[in-house]
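Residue numbers (this note's numbering), protein chains in the order written: chain A, 1 to 338; chain B, 1 to 299; chain C, 1 to 266.
Among the clues, some could well be false.
To be verified - Here are the in silico distance ranges between beta carbons for each label pair:
#	chain 1	residue 1	chain 2	residue 2	range
1	C	G99	B	Y289	17 to 23 Å
2	A	D181	C	G130	43 to 49 Å
3	C	G130	A	T291	41 to 47 Å
4	C	A247	A	D147	49 to 55 Å
5	B	L33	C	A102	15 to 21 Å
6	C	T164	B	V21	32 to 38 Å
7	C	G130	A	G315	40 to 46 Å
8	A	A92	B	I74	55 to 61 Å
9	C	R181	A	K338	56 to 62 Å
10	C	T128	B	K221	38 to 44 Å
11	A	E323	B	N167	35 to 41 Å
Said to hold, decoys possible - A short, non-exhaustive set of chain B residues, derived as facing chain A with CB atoms under 10 Å:
#	residue
12	R45
13	F67
14	G246
15	S255
16	L256
As the list claims (entries may be wrong) - Covered stretches of chain B (in silico footprint by chain C; criterion: 3 or more residues with CB under 8 Å from a CB of chain C, positions within the stretch not fixed):
#	region
17	20-33
18	131-142
19	221-235
It should be emphasised that the hints constitute simulated quantities derived from the structure, not laboratory data. Backbone N, C-alpha and C fix where the C-beta goes; we use that ideal spot for every residue, glycine too.
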Amino acid sequence: MKKLLLTASLLASPAFAEGELKIYHWFEYIPQELVDKFQAETGITVTIDTYDSNESMLAALKAGKLGEYDVAVPGDYMVEIMGTEGLLDTFAPEDLANFANIDPKWVDVPFDPGRKSSIPYQWGSTGFSVNRDVYSGDIGSLSILFDPPAELQGKINVLDSQGEVLALGSFFLGIPQCSQDRAQLQALNDMLLNAKQHWASFGSDTAKDVLVSGDAAAGMIYNGFSAKARAEGANVEYAAPKEGYVVWMDNVVLLKDAPNRDNALKFMNFLLDPENSAAVTNYAAYSSGVTGVEAFLLDEIKNSPENNPPADQKGFFIQACDEETQKLYDAIWTNLKK
Amino acid sequence: MAGGDDSWRPLARPLLIPIWVVIGVFSLLPVLLMAVYSFLTKEFRGGVEWDFTLAAYDQFFVTRGLFGDEPAQIEWTYITIFWRSIWQALICTALCLLIGFPTAWFIATRPAQSRGIWLFLITIPYWVNLLIRTVSLKFLIRDNGPLNEGLMAIGLITEPLPLVNTNLAVQLGLFYSYLPFMVLPIYAAVERYNFALSEAAADLYASRWTTLREIVLPVVKPGMIAGCILVFVPALGAFLAPDLLGGAKTFMIGSLIDEQFKGSQGNWPFGAAASMILMTLVLIVLVFYARAASREGAA
Amino acid sequence: MKGVRHYPGFLSITVLCLTILYAPLIVIMVYSFNGSTSITQWGGLSLRWYGEVFTGPEASRFGQAAWNSITIALMASTAATIIATAAALAMVKGGRFRGRSASFALINLPLMVPEIVTAVASLIFFTTIGLTTGYGTILIAHITFCIPFAYLPLAARLEGIEATYEQAARDLYATRAQAFRLILLPLLAPGVASGWLLAFIISLDDFIITNFVKGAGMETLPTAIFGSVKQGIKPNIMAISTLMLAASVLFVTAAYLINRKGRQTP
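Work the whole structure out from these sequences, hints included.
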């Protein structure tokens, strides 16, 4: 038995500490060909582990997985949280030869001013899509989700994600994010409880599948997911709600205690190359934060309606609330799913 | 029955050493750690501070309104969630018993050489991962899935049966997930049942069903109890299958706890406290079972 | 003879039971031969998804994951069955001794702890004692939670074996070891087999605990499959499932044939 365990632990420990890179990444968010290209160019062996939400990634890192991975790919607000939690390492712009490729508007971002720990990966939006075979009316408002027309009642899928649901709900009611105002929060709580009776399901990973399969006729969804649903044959239209939509950006961060810091930087630099960044965009159907990608983008991605919302629409980042306020939002969410 | 053999007595404790070590270190110790965690102060977004408090249990049982300034009242939110999970697990257990017992009996009464085949027929689906099985069940019963299309094609129904995202689908999924855990222990019990007892009862003009109730059930009861425990407990904590089939509109115990550790709420002490309460419930059920079993044994 | 064993309706219930168990799998098998990329439309018979399983971009990942899963399940269920057999002998045949009820509670502890709690508790525990998560920690966790699953059918079987058999053997001057090996063990064998099988399936199927105690880059089949399946079932997953099913049918048939051959030439 002892011998068995010993062998097992030997198997588990990396035999070659150099020439490795351990990525903690979202599921199906990087094309295998790109990973292969990186391995071929650098000779570094890449291992990818996946997670399904920013929060579960944070939880895993805080529960002791910090030091096992070199890079992770948190969303905007999560970069800020990880920074405050001390989970990130910093680098200098000179460490990345391609640093200048970052689109200037994505350098001084509020969640990591000056890009000291992160680089842009992809960005996109969260709104909703409607199956046009089922409903052909106006879809320019979030009321489709929160006060749906009869045709869509009982056929709506909502992301199983507190941040996005509460943010879109707040936009719909016109109240600020992280509000502490009693009347506003009560209104948000009541509105969501009332809207829930028209919802068929909560699901984030399944958001695309339910639209394609017809289980849902409308659904809160990420723009790239909606584009994929369309490509798979669903007659869905990604809406541009007048109240606003959620904008997000995923970022590659350098983790604290990264076992292969140098390789992590090589990887980040690799991703800042326009051709490589475009490969991710073509795969995930979102938008790159690197300049010069246009030449490498597929036309259907570059010109997709999902990636080119009307210029007069407003998108907002989800804000990370402070502890006291977050408690109120947690309570509303629990109340909604009780 | 078997306890009278003294030759095993001196060996009892040495034989138990491995199990004490393995479970003591890798199950009991982590659970104790968990119990300690439930009394710690939560750190914002996951993690704990080592200051002891009852805050987690307070959050579970007491509400002071959304803003915390109303008079204290009983918090029904979490009790509702728990009750729903318990109820579903109970129905699932009953369903598994209802279907599992006849199945196990049927298999155990086959000729010895074909029993193995029947048993494997029951277990083969479990070689395919639970998630795949659940998702394919969903695929089968969805509005435009093969079941509804088939039924409509033969004209049995005109509108698709709304199955997905219903409680029925959840029940079906739970039943589907845990059935063999009911069949296998009952099978083991029936297999060693001495059918001469039934024959004797039949000779005394007892009907088949009387024999089943009066003679068979008491003997195979340990197997049934084992089966019920094996089904009830995992069904109580299950949430992946219910979420997939039921639409995740409501928290289950499992998803509530998961949310505290992996979700946005990041409240480890509360997750630990909810786990402790869940374990207490399971413990009560087990004690109840154990007492019923020992009463049966004494009779 | 048939009379007392036969109950009307039990056959129909068994058939119903098997229908429910197999219907989704049969649908999956059929659709795994679908030539279309979409799972909702039929695009003619094709083997393309089977090709995908072995040569597709995910082939090596799934191959490694399957290997990890099977080796872990074999080792964990075997270790758990050995430990559980020893414990069952002590608990059932050891008479009354101090610590018996405590032992009973301890054996069943992994059952009382919800999977999700075991998962988090184990991870915290492993990190606290400084054990790097990986193959070893998965194996330890699996052995632990497999023990009660192996124990229950074993103990149920053992309780039904009357001491008189063994006693008779001892009366005929068999040593304790002989009585155990020649009398008790063969009688216990079905319990051991059913306990081992249950443990094996449990280990092979576990997702929640494994997901927490696996280290960087370590995957078992359920964790590898999880990511693919949770967005909705894909044709290549259907092909993998069909292959898994086919493998288990082969396994069963082989076991049956070997068993029969063993009986013919004793």
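| field | In rising order, the numbers of the hints this structure does not comply with | value | none
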